[in-house]
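Sequences and hints are given; from them, build the entire structure.
Residue numbers (numbering that gives the first Met the number 0), protein chains in the order written: chain A, 0 to 672; chain B, 0 to 151; chain C, 0 to 294; chain D, 0 to 185.
Hints listed in this document are in silico derivations from the structure and should not be mistaken for laboratory results.
Possibly wrong hints are sitting among the right ones.
[As the list claims (entries may be wrong)] DSS-like mimics (lysine-lysine), calculated; alpha carbons at most 25 angstroms apart, straight line:
| hint | chain 1 | residue 1 | chain 2 | residue 2 |
| --- | --- | --- | --- | --- |
| 1 | A | 572 | A | 132 |
| 2 | C | 101 | D | 77 |
| 3 | C | 214 | A | 476 |
| 4 | D | 12 | C | 101 |
| 5 | B | 118 | A | 528 |
| 6 | D | 184 | C | 101 |
| 7 | A | 471 | C | 177 |
| 8 | B | 118 | D | 12 |
| 9 | D | 184 | C | 103 |
| 10 | C | 72 | D | 93 |
| 11 | A | 472 | C | 103 |
| 12 | C | 145 | C | 223 |
| 13 | C | 119 | D | 77 |
| 14 | C | 142 | A | 476 |
Read off the chains here:
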Amino acid sequence: MARIGVFICWCGENISRTVDVVKVAEAMAGVPGVVTSVEYKYMCSDPGQKIMKESIKNDALDGVVVALCSPLMHEKTFRTAAEEAGLNPFLLEVANIREHCSWVHENKEEATKKAIAITRSTVERVRYNLQLKNITVPITARAMVVGGGIAGIQAALDIANGGHEVVLVERTPSIGGHMAGLSETFPTLDCSQCILTPRMVEVARHPKIKLYSYAEVESVSGFVGNFEVKIRKKARSVDTSSCTGCGICQEKCPQKNIASEFEEGLGKRKAIYVPFPQAVPNKPVIDRKHCLYFTKGKCKICEKVCGPKAIRYEQEDEIVEERIGAIVLATGYETLPATFFPEYGGGRYPDVITGLQFERLASASGPTSGELKRPSDGRRPETVVFLSCAGSRDLAKGISYCSKICCMYVAKHAMLYQHKVHGGKAYVFYMDVRASGKNYDEFVRRAIEQDKAIYVRGRVARVYEKEIEGVKKLVVKGADTLLGEQVEIVADMVVLASAVKPSVGAAALAQKVGTPYDQHHFYSEAHPKLRPVESNTAGIFLAGAAQAPKDIPESVADASAAASKVQILFSRKEMERDPYVSMVNSDRCFGCFSCEAVCPYRAISRKEIKNRSGEVLKVVAEVNAGLCQGCGGCIAICRAKACDLAGYTDQQIFSAIRGFNTTSTYEEEVVKK
Amino acid sequence: MSMNMNMKFEPKIMAFVCQWCTYTGADLAGTSRMQYSPYVKIIKLPCTGRIDVQFIVKAFEEGADGVIVSGCHPGDCHYTSGNYYARRRFEMFHELMSFVGVDMRRIQFAWVSAAEGRKWAELVNEVSKRVEELGPFNVFHALREQANELNP
Amino acid sequence: MDIEKREYAYYPGCSLEGMAKEFDIATKEVFTRLGIKLSELADWSCCGATAAHYKDRLLAYALPARNLNLVGKSGKSEVAISCAACFSRLKTTTMQLEHDSKLKAEVELVLEEKYEGGVKPLHILEILMQSVGTARLQALVTKPLKSLRVVSYYGCLLVRPPEVATFDDLENPTSMDKIMECMGAVAVDWPMKTECCGASLTLSKSDWVLNLVEKLLREAKDAKAQVIAVACPLCQANLDMRQIDLQNQKRIDFKMPVLYFTQLMALAMGAQKEKLSFHRHLVEVQSTLGAYLNQ
Amino acid sequence: MQAHPHTEQDELKVMGAKCYQCGKCSAGCPLASQMELSTSQMMRQLQLGNYDAIYRSNSLWVCVACETCQSRCPQEIKIVEIWDTLRNRLFADKKLQRKYATKGAVRHILLAHKIFLSNIYTFGRIFEPMLAAIYNLRSGDLFKDASKGPSLLVKGKLPLLPHRINGIKEFQRIFKNVEKYRAQKG
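Okay, here's the thing in structure tokens:
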């Protein structure tokens with residue numbers, strides 16, 4: 000006969016407001032096998048845990064149900080407490096009566112009934128819980144960082160400086176990310192490249208960092224501590240070991256009118272190119288889509304001029320394999336292109352540009368060497384209109400969230416513009432100014448008070464081009480909602496603070512890695528407050544704007560946090576894991592190996608059953624507990640009912656199903672009482 | 000299953016959900032305080048790939064009037080392919096159940112991700128409403144009683 | 000592309016019987032030349048226009064529903080419409096009644112008959128662009144409107160709301176421009192393609208309409224347009240008629256003929272000028288189009 | 000300083016709750032300069048349930064339903080639908096009309112719509128000369144556009160005889176049925 004204890008939490012008023020916890024306790028007290036059933040105001044507090052611990056000892060419990068918040072919150076807390084009291088932690092189960100009950104129902108009678116049913120089902124389930132032991136697996140103390148922007152760079156350096164090897168994978172030909180393209184940074188106005196490039200060089204020189212640039216993650220298998228990663232090194236068409244980075248190939252290449260990605264399309268590059276002068280690695284790549292040799296079959300000028308003979312037209316993509324213990328995803332962001340805004344003429348009018356394009360125009364290393372000129376005719380813009388929330392907080396454009404960084408960079412842009420074009424007029428259309436960082440609001444005030452940016456509260460409905468005295472101008476039709484009036488501004492340039500969204504391919508990478516992401520394809524953190532840089536998948540960590548829009552300081556803080564999480568993981572030689580793995584009953588197994596086919600972890604192997612004389616009687620399936628992740632796919636497919644999943648056995652689940660329904664008449668009696 | 004005829008029909012609906020996506024999605028509905036119908040009760044599983052069709056049959060046997068099976072969206076499975084296998088299996092199960100005469104409107108397959116608290120609440124309301132309209136699953140429950148009489 | 004249809008049910012709309020008779024004539028002329036028959040719906044009635052949906056939402060769906068049922072009864076499933084406003088009302092009705100079963104029941108109640116559904120309202124611009132195609136249009140041009148500078152004015156309801164008017168771009172429509180290019184004219188880009196002309200206020204608050212119209216005409220003039228092409232009777236009336244008021248009240252004479260796009264098409268396809276009723280316009284057409292009329 | 004008026008939640012307030020006052024509607028409205036409350040201010044009053052302010056303003060009637068606001072609204076609010084409902088309420092309620100629609104532009108615009116509707120009620124289609132004539136008569140603006148009358152007639156723009164549709168009886172029944180239906184529903 001089981002000896003089960005049930006402990007029900009009020010969670011202050013969170014549960015007790017809609018669930019009559021006393022009645023739940025009464026109801027459970029009457030269930031066969033339940034020897035104690037109590038409720039308490041805050042079960043997770045020290046005194047609350049003490050009640051449970053003492054009961055485990057005094058009532059000699061062999062099963063415990065705690066009815067409270069989601070197991071994601073406190074399952075670990077109570078299992079640890081149970082273990083301290085001498086009970087196998089896996090004999091404790093959580094009944095979720097808060098997130099799944101008290102918070103989502105208003106009617107007290109109905110909620111109480113449901114809470115009783117949930118708790119009762121959990122009691123029935125716990126009867127069949129097995130004593131389990133955590134599994135230990137070895138850890139490969141080697142990290143992979145995906146994405147070579149500021150977040151990836153910071154994470155890689157921190158982990159490497161902590162003494163562990165790091166593999167850094169960057170999709171483009173150089174690390175540096177968006178930060179390398181920024182002009183100056185808020186709220187200090189220090190030059191972006193000046194603070195970033197030393198870090199990039201450090202990455203290149205670090206003995207513990209292996210950099211794969213122009214490379215992408217092909218596949219990831221395995222699990223925390225033991226990932227196997229395949230990386231596709233895209234063909235650069237250049238042998239990086241013999242290339243000296245002298246730049247003569249780039250100089251002589253006749254294909255010169257290709258829109259430069261680094262310059263956000265405002266500058267040109269060659270077909271063989273280094274994206275920007277401070278690139279790391281400072282080795283060129285051939286853009287095969289535009290290269291004359293690859294498109295027309297002749298040219299080969301780069302090969303002719305290359306001193307060290309480093310050009311490799313025949314080079315192919317190469318797949319390399321790496322063993323990795325932890326992965327940091329730092330894949331960053333992109334912004335909506337101007338073409339996304341037909342009402343503002345984006346894509347039709349060359350002087351309607353995005354914030355990132357403005358960064359290049361304002362950057363000393365940019366296509367205009369930092370002089371502000373209109374893309375259309377090179378004239379100095381006398382009036383510039385900045386539109387914040389271009390696409391952000393805009394359900395019609397599919398983006399419900401605030402892009403967070405725009406309010407600050409728009410203020411910065413207005414300031415930089417004023418510094419570069421004295422007497423110029425900067426208008427900023429805004430809905431709210433969200434400047435909630437250290438020295439941030441002061442910065443915005445400075446833009447308004449000292450640099451005379453004219454802030455207009457309202458959105459712009461339309462921008463159209465109109466020739467006035469021989470010059471093409473942009474007519475901006477907005478509203479000043481504080482005055483309740485329409486505003487029309489004739490401008491020379493319109494800058495869209497276009498919305499931040501995750502990089503292209505973020506979701507595809509998440510699927511390869513097996514980690515969740517939200518509807519916008521930002522990576523999901525394990526807990527919004529307490530575990531912001533961990534994903535829900537063990538061993539996968541998050542840094543920077545891949546998780547949500549973030550500015551530089553936040554991305555760096557994230558990256559260092561993720562790096563420290565990686566190092567905590569690497570501080571041990573092996574780690575403990577949940578024991579929820581598949582078990583095979585070799586008496587029942589007849590060796591069809593359907594399980595082997597469905598197992599995504601290659602955890603099923605074949606075991607020969609021999610008689611005394613060594614003859615093979617049959618071959619059965621066997622589970623490698625170190626590899627099994629407990630998905631249960633093998634169990635559902637097994638025709639012989641030979642597999643079962645520890646922690647989620649058929650018996651436990653059948654019993655839980657029964658538990659929901661056997662309560663019906665009983666629960667009603669109690670509730671009516 | 001006996002029912003007091005004076006009482007309003009309160010359907011019993013059992014939801015088999017995976018712990019990564021739908022369970023967490025239901026948690027999110029809770030943290031967001033979305034109000035929804037109380038008739039759906041959750042059984043947590045590691046993955047929809049773990050769901051044996053026997054669970055569904057068992058649920059009906061034990062008095063359920065409706066069943067929800069919900070996991071991660073295609074391509075999002077934590078275990079890379081569990082939901083894919085589950086889906087294939089349910090395709091076959093679907094035919095089998097229709098063949099034995101189960102009204103398939105009582106079984107709802109869905110994808111609810113960890114971010115879709117709203118979708119979970121809507122799913123619960125939708126299925127509750129439908130099952131309420133369909134009424135108690137007496138045909139199946141009667142079958143069980145007959146079976147019990149045959150094998151006491 | 001759809002296989003070209005030879006016959007459509009045709010809903011001219013009230014204005015095309017009166018003020019916009021020339022739109023009706025020109026449209027029929029173009030379609031005849033294309034070998035497409037427009038069979039006018041027997042005993043069609045008013046779509047209710049703006050006034051009906053201001054008064055009562057139910058009335059606003061019931062009046063078009065009557066006409067949609069007439070289309071079904073005539074054995075056709077597609078109805079060609081010239082007037083942008085009628086098109087919008089009829090199409091909105093089909094869309095609303097398709098997914099709002101409560102509204103559909105209400106409409107059937109007041110109609111005293113079933114709403115059959117399944118009818119597709121098409122604006123003639125949509126038919127010309129999507130079903131006929133520019134290549135075929137171009138082939139019929141005999142007197143190209145060479146170097147005639149035309150701005151196309153779409154107004155509101157050819158592009159809005161975007162879920163109803165689906166055949167062109169919301170912010171920068173181009174279908175009429177493309178047709179004008181096919182006719183040999185110079186399709187001039189201008190910023191006022193979809194700005195409202197004041198519409199139904201013309202009856203009650205003509206001074207407001209005057210301001211809006213003045214802005215539109217000024218932009219057309221600034222774009223060095225010679226003619227404005229339109230596809231809506233109310234737009235035409237406002238832009239044409241109010242030029243007389245601008246002369247009288249503000250001493251501004253834009254001399255800007257405002258023509259239905261099918262009039263220009265018919266002209267390019269070689270129709271006799273007498274047939275195109277240019278004399279019905281208040282702003283004199285002859286002096287601008289003279290060269291093309293006397294070809 | 001006036002206290003914020005508070006009213007019970009209703010269907011329109013719920014629809015209006017999504018508005019975050021960005022002003023994109025007001026910014027693009029072709030008739031904003033004539034409106035006493037801009038589109039976004041109207042939405043704000045709606046959020047407060049201040050129907051008095053909404054009806055006191057001329058905005059509902061200045062609006063020509065060009066749909067510019069709605070097609071650009073970032074919150075996808077059905078602005079025209081909301082305004083139609085507000086207009087429908089006034090059309091259906093004589094008391095409201097007496098309170099809010101007896102003066103100035105509102106009176107004229109409302110009158111024009113009513114005359115338009117009675118015109119199509121009579122003929123099944125619009126008979127334009129009658130429309131203009133009756134409007135001018137009723138509004139007291141006798142000579143409005145009269146100067147154009149003769150030239151329109153000469154140019155053949157105005158037909159001389161009205162056309163009445165054959166199915167005028169059943170057509171008129173639609174109007175009556177709508178009235179009846181509304182009366183039943185209260």
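For each hint, the structure was consulted:
no.	hint	result
1	A/572 x A/132	19 angstroms, holds
2	C/101 x D/77	19 angstroms, holds
3	C/214 x A/476	14 angstroms, holds
4	D/12 x C/101	22 angstroms, holds
5	B/118 x A/528	23 angstroms, holds
6	D/184 x C/101	14 angstroms, holds
7	A/471 x C/177	24 angstroms, holds
8	B/118 x D/12	24 angstroms, holds
9	D/184 x C/103	17 angstroms, holds
10	C/72 x D/93	39 angstroms, violated
11	A/472 x C/103	49 angstroms, violated
12	C/145 x C/223	15 angstroms, holds
13	C/119 x D/77	24 angstroms, holds
14	C/142 x A/476	40 angstroms, violated
Violated hints, listed in ascending order, are 10, 11 and 14; each of the other numbered hints is respected by the structure.
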